[in-house]
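Protein chains: 2
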Amino acid sequence: MSEEGSGTVETQYFTSFKSPDKLVLKSGEKIGDITQAYETYGTLNEDKSNAILVFHALTGDAHAAGFHEGDKNPGWWNPMIGPGKAFDTNKYFVICANCLGSCKGTTGPSSINSETGKPYGLSFPVITIEDTVVAQKKLIEHLGIEKLFCMAGGSMGGLSVLKWTTLYPGSTSCAIVIATNHRHTAQQIALHEVARQAIMSDPSWMEGDYYGKSIPARGLALARMIGHITYMSDKSMEEKFGRKLIGKEKVGYDFSQDFEVENYLKYRSDTFVQRFDANSFLYLTKALDYFDLAEEGALVDTVKKATASFLVISFTSDWLYPSYQAKEFIKAMRAADLDVSDIEINTSYGHDAFLVEVEGQSKLIKHFMERIEKER
Amino acid sequence: MSEEGSGTVETQYFTSFKSPDKLVLKSGEKIGDITQAYETYGTLNEDKSNAILVFHALTGDAHAAGFHEGDKNPGWWNPMIGPGKAFDTNKYFVICANCLGSCKGTTGPSSINSETGKPYGLSFPVITIEDTVVAQKKLIEHLGIEKLFCMAGGSMGGLSVLKWTTLYPGSTSCAIVIATNHRHTAQQIALHEVARQAIMSDPSWMEGDYYGKSIPARGLALARMIGHITYMSDKSMEEKFGRKLIGKEKVGYDFSQDFEVENYLKYRSDTFVQRFDANSFLYLTKALDYFDLAEEGALVDTVKKATASFLVISFTSDWLYPSYQAKEFIKAMRAADLDVSDIEINTSYGHDAFLVEVEGQSKLIKHFMERIEKER
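If you read the sequences in order, they're chains A and B.
For the first sequence, the tail end lands on 627 under this note's numbering, and the numbers increase by one without skipping.
For the second sequence, the tail end lands on 627 under this note's numbering, and the numbers increase by one without skipping.
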């Protein structure tokens, strides 16, 4: 049932910050002609008060729900978005845009730089979560929406929610922050740095100038393998794979794959390199590592700018963004007298739970949004 | 004080399994002329009843204590081995041998194959923890020791202890198993597989045939970076590095290193590649992944072969070998009526705690061995 809902959908495109009105990035650099890929599900009501903006995670895209013409697999959050679902498209108008620096239709390092006629590569400026939020705010304005009803995101998407609600106070009634923290920790930075080094160590990477040539597939596959391990939990890996061998009765006593978990990593990373750009992986992980909501002082001083009601969801087995990290910003939100609901869902799925723990999250999100509807 | 103790020490060598009496490995392959590097500290008593065998971890070596002539840094477990220390060399004769497949003096893939006159490379047979234990048993016999007083090891060394005590029951009075489990889990296999893929993706690896040419330094450095992250805990990384920048006031908005944790990984892995062989890394991680104490049936049936008294130490923040995994084999040991003391040390050091939590471990180990001394 969760595969049904939004039917066939199409990605749309919006270009803004046309020269000379370029976007001034947090780094101080400027970038113009930013195209954003986005999709919408449901219908915007007359007073434009039923819009929900959802943010994708690191390697996600604008295709959050429904099916693209001819596709067998639906969008990445299809079980959560659609008629009768958590984000009920009978009531709400749901928007999802691909983030700045990605490779899924929004301007990023693999895009053609209109000033040179060539792909940006590493000449693309290093961007931040704030820059993505500023670009998406432009899109929301373009859609004629002054105030969102809600915004929601998990992992990197959760950082966008935290940034948006403090950068544009009053621009949303409520906000749902899932499986994330308010600033990247040393361990999270370290895991990303290894992934980046894997990409940059691949001879095919050629300082990012590989477009039209062979891609740094092995480096990107390694980066993705590391990611996959961090997205699952020790327990979910044990339940799914344990020490099961790949169609053999005993280990091979060589360096080919023996265990199903090895095969899974290889298969998933080999398909990943076909659909994601290595430079985008570099840019987006940097944006994540740079993220620190409290960079200008005490965390409570930043979060007290927000006016939205918050629902914060974390997962017991998520070791990439452990629950205690969510509790840190929840504590600051409470100290700032914000309305915060805080739920830790008991699950073995690890960080991936934000994509797969549909039932638990749906109930919480529906209940939360119903309350906000009544109160507004 | 812990830097003092065993004074200047020298590595010794022992060659066994000379042709035609080759060692038959668990894989069925044979290997001859196995040289083992080993060191000893303290004096073997007259009735040869005071010997303690310690096993090193993945990238360790026979140099467990004291200083090599001219060296500034002592052996890897120096704070634990020496006069008055946990493994008190005033009382005990401590032995440590480099494991089979390593590159620190014991025969491994970088050794010269006497039959070809060339380094083995990938023609070296895939070895297991059991094979290492069999080789080390030969060394202990060579030293004239019929029964050890104790054996101890952390991480990979702990697996060797588990294997030895069940393979050679009665060959030691007591055994200390630190920060390990009884079989590698899917997550542990996955982490190793990424590390192996990193090495094998390095063009300089050349199917393992890189000796005398340029080494697969970038691949091995990546493998080591992943390792470092798993050896520390989220908390210890946060305490040590947090979001501290490397001698700059703000991030660089480029893909050079910004954070101290990135620099640490780079520095530590760059020095590592100078001292460790990439093929040995492949062989030893495979040996670890293949390890399953219960491979021939129920765990309790294997452990009940053991006769030693056990001390099992685990660490609260060790996420590579979490405490709950030690509890699994402890439960089987208790079901088999073995004498098991079980301690979980509260520490933020993560898996590295077995090398650095000297005080807590020393107290436990001394107390445990005193009890065994009295009882024997």
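Warning: the hint list may mix true and false statements.
Taking lysine-lysine pairs in the DSS-like style, the calculated list, with each CA pair at most 27 Å apart, reads [stated by the list, open to error]:
no., chain 1, residue 1, chain 2, residue 2
1, B, Lys499, A, Lys277
2, A, Lys277, B, Lys578
3, A, Lys501, B, Lys501
4, B, Lys555, A, Lys501
5, A, Lys495, B, Lys578
6, B, Lys273, A, Lys501
Hints in this document: simulated from the structure, not taken from any laboratory.
Here's how the hints hold up against the structure:
1. Using a Cα cut-off of 27 Å, the hinted pair Lys499(B) and Lys277(A) holds, with the two alpha carbons roughly 17 Å apart.
2. For the given pair, Lys277(A) sits about 50 Å from Lys578(B) by alpha-carbon distance, which is inconsistent with the 27 Å threshold.
3. The straight-line distance between the Cα atoms of Lys501(A) and Lys501(B) is roughly 53 Å, outside the 27 Å bound, and the hint therefore fails.
4. Simply put, Lys555(B) and Lys501(A) have alpha-carbon atoms about 24 Å apart, close enough for the 27 Å limit, and the pair holds.
5. The straight-line distance between the Cα atoms of Lys495(A) and Lys578(B) is roughly 22 Å, inside the 27 Å bound, and the hint therefore holds.
6. Taken as a hint, the Lys273(B) and Lys501(A) pair is honoured in the structure, with Cα atoms around 24 Å apart against an allowance of 27 Å.
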